[in-house]
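With numbering that gives the first Met the number 0 applied, the sequence shown corresponds to residues 0 to 314, in that order.
Source of the hints: derived by calculation from the structure; they are not laboratory data.
Note that the structure is a prediction, hence the values are computed from the model and not measured.
Please note: incorrect hints may appear among the correct ones.
As the list claims (entries may be wrong) - Just the calculated beta-carbon pair ranges, DEER-fashion:
hint	residue 1	residue 2	range
1	R70	G220	20 to 26 Å
2	R134	R27	50 to 56 Å
3	R70	Q19	19 to 25 Å
4	G66	R92	18 to 24 Å
C-beta atoms are modelled at their ideal positions from N, C-alpha and C, and glycine is treated no differently.
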Amino acid sequence: MSLFDETERRPLTVSELTAQVRGALENRFASVWVEGEISNFRPAASGHWYFTVKDETAQIRAACFRGVNSRIRFRPSDGLLVRVRGRLTVYERRGEYELMVEGLDPVGAGALRVAFEQLRERLAAEGLFDQSLKRELPLLPRRIGVVTSPTGAAIRDIIRTIERRTRTVNILLAPARVQGEGAGAEIARAIQLLNEHHRRALVEGREEDRVDAIIVGRGGGSSEDLWAFNEEEVARAIRASLIPVISAVGHETDFTIADFAADVRAATPTAAAEIVAEREDEIASYVESLTHNMVNVVRYRVLAERARVQEAAMS
């Protein structure tokens with residue numbers, strides 16, 4: 000006697016069952032975030048990455064194709080805690096489900112530090128931070144572009160400092176989110192928009208609308224909060240800028256990739272505003288000193304000439 004009733008439907012082949020499982024998984028888990036530790040990391044000759052994401056009790060295979068990993072800001076290694084964005088699928092030949100990676104972020108201070116050092120070393124080797132690329136700030140800036148959050152403390156500090164120190168500098172805000180997913184892209188785009196504004200002003204002969212310097216920054220925060228300023232696209236936007244850039248991220252002890260790429264680093268947004276304003280102070284001080292010296296020279300010559308005339312009259 001057969002274990003199967005003849006009236007039952009035809010059994011599925013292994014391929015058919017696997018295809019149905021694959022379809023169900025891909026529909027249900029078309030976009031998913033997974034956090035875990037990397038193990039068995041293997042870069043293939045094709046440029047693809049293969050690795051396992053695991054926790055204490057489970058693991059899943061992951062594949063990151065070359066077109067995706069070229070956009071990832073660090074090179075994974077075994078033991079790193081990461082957050083993976085991707086979709087589930089089934090590798091039918093083995094009958095195993097796996098995660099197709101579409102994004103990868105380090106998690107925790109240790110992993111962030113590894114990612115930071117990897118990117119810093121790579122960009123430095125490329126020459127992106129060379130001192131010869133640094134540009135001088137203009138002697139008397141008149142319009143300053145600011146890339147930061149429109150509602151954060153940084154823009155308030157910059158406005159307050161510049162208004163207190165000088166009345167000849169105008170501020171042009173290019174708003175951008177300064178933390179969270181996509182913030183790096185917004186910062187880079189804001190820098191590009193200020194450059195486009197500057198180019199149009201020059202082409203159209205509107206000298207008063209040109210942008211003399213750009214401040215890129217935000218107030219303090221954790222390593223995760225400041226991470227947008229460690230994005231490669233921000234560093235490249237800074238170096239591609241026609242306008243000198245001042246980085247002003249966090250506090251004195253905070254260093255970001257943007258600091259290395261910028262023409263000038265300021266410890267805080269307030270310090271960046273003071274750098275801009277002090278140029279005018281320097282000129283005013285120089286003019287005052289020059290005037291004082293000229294007065295002294297004229298006074299000396301008058302006294303000398305008077306003495307000469309008196310001496311001639313007595314002889």
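Hint check results:
1. R70 - G220: 20 to 26 Å: The hinted range 20 to 26 Å holds for R70 and G220, with Cβ atoms some 24 Å apart.
2. R134 - R27: 50 to 56 Å: At 53 Å between Cβs, range holds.
3. R70 - Q19: 19 to 25 Å: violated, 33 Å
4. G66 - R92: 18 to 24 Å: For G66 and R92 the Cβ distance comes to about 22 Å; the hint holds.
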